[in-house]
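So the sequences go chain by chain: A and B. Throughout the first sequence, residue numbering follows the working numbering, covering 1 to 247 in sequence. Throughout the second sequence, residue numbering follows the working numbering, covering 1 to 175 in sequence.
Note that these hints are calculated values from the structure, not bench results. Treat the hints loosely; a few may be bogus.
Ranges between beta-carbon positions, derived for each pair [to be verified]:
1. S45(A) x Q57(B): 53 to 59 Å
2. S179(A) x D117(B): 24 to 30 Å
3. A34(A) x E48(B): 54 to 60 Å
4. R159(B) x E132(A): 33 to 39 Å
5. G174(B) x G46(A): 19 to 25 Å
6. R159(B) x G117(A): 43 to 49 Å
7. G34(B) x G135(A): 50 to 56 Å
8. W160(B) x E138(A): 19 to 25 Å
9. A83(A) x G174(B): 24 to 30 Å
10. P30(B) x E129(A): 55 to 61 Å
11. A95(B) x R61(A): 45 to 51 Å
12. E129(A) x A136(B): 22 to 28 Å
Don't be surprised by glycine CBs; every beta carbon is placed ideally from N, CA and C.
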Amino acid sequence: MTEDALLSCRDLRKTYGKDAGLVRAVDGVDLDVAAGETVAIMGPSGCGKSTLLHLLGGLDRPSGGEVRLASRRVDQMSERALARLRQDAVGFVFQAFHLMDELTAVENVELPALLAGRPARAARRRATELMERVGLAERAGFLPTALSGGQRQRVAIARAVANEPAVVLADEPTGNLDSAATLEVLRLFESLHAAGQTLVIVTHDSRIAATADRMISMRDGTFIDETRLTGGTRGDLGALAGLEGWS
Amino acid sequence: MQQEVVLALLAKEPSHGYQLRARLRQALGPLGEGMNAGQVYVTLTRLEKAGLVVAEQAAGLPDRPDRKVYELTPAGQQRVAGWLAEVSWPGPAPAEFHLKLVAAAAARLADPLTIVDVQRRELLLRLRDAQRAAMAEPDGSEAGLLLEGLVLRLQADLRWLEACERHWTSRRDGS
Chain A
1 MTEDALLSCR DLRKTYGKDA GLVRAVDGVD LDVAAGETVA IMGPSGCGKS TLLHLLGGLD
61 RPSGGEVRLA SRRVDQMSER ALARLRQDAV GFVFQAFHLM DELTAVENVE LPALLAGRPA
121 RAARRRATEL MERVGLAERA GFLPTALSGG QRQRVAIARA VANEPAVVLA DEPTGNLDSA
181 ATLEVLRLFE SLHAAGQTLV IVTHDSRIAA TADRMISMRD GTFIDETRLT GGTRGDLGAL
241 AGLEGWS
Chain B
1 MQQEVVLALL AKEPSHGYQL RARLRQALGP LGEGMNAGQV YVTLTRLEKA GLVVAEQAAG
61 LPDRPDRKVY ELTPAGQQRV AGWLAEVSWP GPAPAEFHLK LVAAAAARLA DPLTIVDVQR
121 RELLLRLRDA QRAAMAEPDG SEAGLLLEGL VLRLQADLRW LEACERHWTS RRDGS
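Next comes chain B alone, as it looks inside the complex (with noise of 0.2 Å):
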């Protein structure tokens, strides 16, 4: 599991591992199923060695990973802003990007639609190049068929983005 989506998870407060497991479920949906349930605090306990987060036991209870509270170090917070701003190319894939708005919404720690434009203007960017290096092909070109599947596979990245736009919009104003 992506280190960062955990400590992303963590940002809105201190948790239980099982507290960050049902914020991926609820995230994930049925995406979520085939996870391990153990990977969350495999995750956890290799953050916590590289200084990222810091356990508390809780007191007067035998030592299991789903007792300890996780909490962010700043060198954690440090790490989750980085991961925030950060325009991934190619990519990020479909299921960080989504974990990334909805970690960052809900720890207010940056707001999702910006996140989302930052990314639009990029695919934007590429979209652009794409079409322009198509548009030069001439008809038929095999090269032409390739540059028209990367055009379609960008359309439909900017068609999702207008969604989780759609979406966070909605969840900003509050209805």
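Extracted from the complex, chain A is given alone in its bound form (with noise of 0.2 Å):
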């Protein structure tokens, strides 16, 4: 392992029935994720790449294989020490979002605080200051309902880093997505980059990998290529717009 990574597995495993049926989806993966690092994991549907990231968060458990955040051994935990790593060092970001219609914008962002055990005041204050950060202050008393896809993916993001997780691992973020409102959504990313969040995301949305710091292509269960694109800028956009030599 990697002394600096804050996330990392090492022969990562996950089969589904057994025999002739048996299904590799996840087979023999190994990653180290650095902190403050973005990482993007692009595949085609059913290359592996949701079930390697449920492995990666503790909601699921390998078949083989080590994993391990921030030096815990994530794939030997107890289900109590799982359910607390979940609410506490991971923070979830789904294609479907996955809000709690019942509840405002405000208090689906505050909910992972509560649940943690933290004073309802301080929750409060933490989720106001996220939306206020996510640009959706003025939407913080509005139902989800009453939110369009891409508010709503904020919304959720917003509750992904409620309790300041050592890692966020997002899963199609922008897969239900509009231009426009995938265009927010990476901004927002591009932003807890900056602060210094560490991301891992899966996607097959070029958009997103093309703007992570680490792209890793995944098929049929191991990853089959990686490219660093940092500091990719070569200013010739122009050629690609048609304005080649109108200077």
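Got two chains here, separate frames each, mind docking them using the hints?
Next up, the structure:
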């Protein structure tokens, strides 16, 4: 394991079924995510990327291999310890938002802090701050159904970071969003990144992959390629826009 | 017609002009129908003059272009290798890129998947630039709208590369 990895796994496996019906959803994955890094894992539907994310976040148990988050073995934790881990150390963002429709936006965001036993007042203060940070202060009292898809996902991201998790794991966070809403979510990830948040995002959205520090391609349960995209500025977008020779 | 395309189609084996035309028709389908039948011969004649191909006349037959067998010279081979390795920007045009993969696979000169990977990396870097520029624009800005157009075009290109990757992976795996 790399010393400075915040989140890592070795020879991680998850299989379903047996004999001829054996499915290797995750088939021997090694990954090291440094603190503050944004990693995008890309691959077609069914390549195992969501299963991998669930294993990393302790939502599911591996069939083999190790997962470590901040030096703790996630794969060996008791159910109780896993529940605490998911509450405190890992923030989840899902494609379908998974907000509670009966609660207002700010109530959704304060929920993780309340579940973790923080005083109601402190939880509300933190949630209000976060609503501001995601640009939705004036929508704090709205029910999720009164918000657009992009706004709902921003609320879900605010909720994911409510307990200052070590890592945020996002599963197709822009899968249900149009182009403009995707831009809002990308901006928000960028601001989290700038604030030092560690992010692992599984997606088939090339816009997310292109703006991550590192992009990993996954197929049939394994990693097949890795691309580091930092510092890619070439400044010749004008040619793509048809502005060549205008100067 | 682009000279490199004809050269690359010859890289697999020495061929008659009509065989090259058949390969182009197969690779381009309906898009190749508008192509002038004589275009391949015009290009072959130019390539011959430039010393990139040599033509051998089949013995005892009249001197007609479709009786000749064309073969790459070392200079022609070099030109093909350069073309396969080249990453052009913006582009290449879809047909050129497609034929590059077809020719590379047929001649076993380069792995089509490597060509796809190189091109994808190039597109991802542009998408990164375009997306970052779009993120820096205020909501509703006119420049943001243009950048959104660039982002969507790059995304479409990347999706096509995924399709290319699937196709050439399955060909390689023999399925």
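Hints versus structure:
1. S45(A) x Q57(B): 53 to 59 Å: Given about 56 Å between the Cβ atoms, the range holds.
2. S179(A) x D117(B): 24 to 30 Å: The hint (24 to 30 Å, Cβ to Cβ) holds, given that S179(A) and D117(B) are roughly 27 Å apart.
3. A34(A) x E48(B): 54 to 60 Å: Distance hint for A34(A), E48(B) holds at roughly 57 Å.
4. R159(B) x E132(A): 33 to 39 Å: Given range 33 to 39 Å: holds, Cβ gap about 36 Å.
5. G174(B) x G46(A): 19 to 25 Å: 22 Å, holds
6. R159(B) x G117(A): 43 to 49 Å: Holds - the Cβ-Cβ distance for R159(B) and G117(A), about 46 Å, lies within 43 to 49 Å.
7. G34(B) x G135(A): 50 to 56 Å: 52 Å, holds
8. W160(B) x E138(A): 19 to 25 Å: Since W160(B) and E138(A) have Cβ atoms about 41 Å apart, the given range 19 to 25 Å is violated.
9. A83(A) x G174(B): 24 to 30 Å: 48 Å, violated
10. P30(B) x E129(A): 55 to 61 Å: With Cβ atoms ~59 Å apart, the hint holds.
11. A95(B) x R61(A): 45 to 51 Å: 50 Å, holds
12. E129(A) x A136(B): 22 to 28 Å: This hint holds: roughly 24 Å between Cβ atoms.
The structure shown violates the earlier hints numbered 8, 9.
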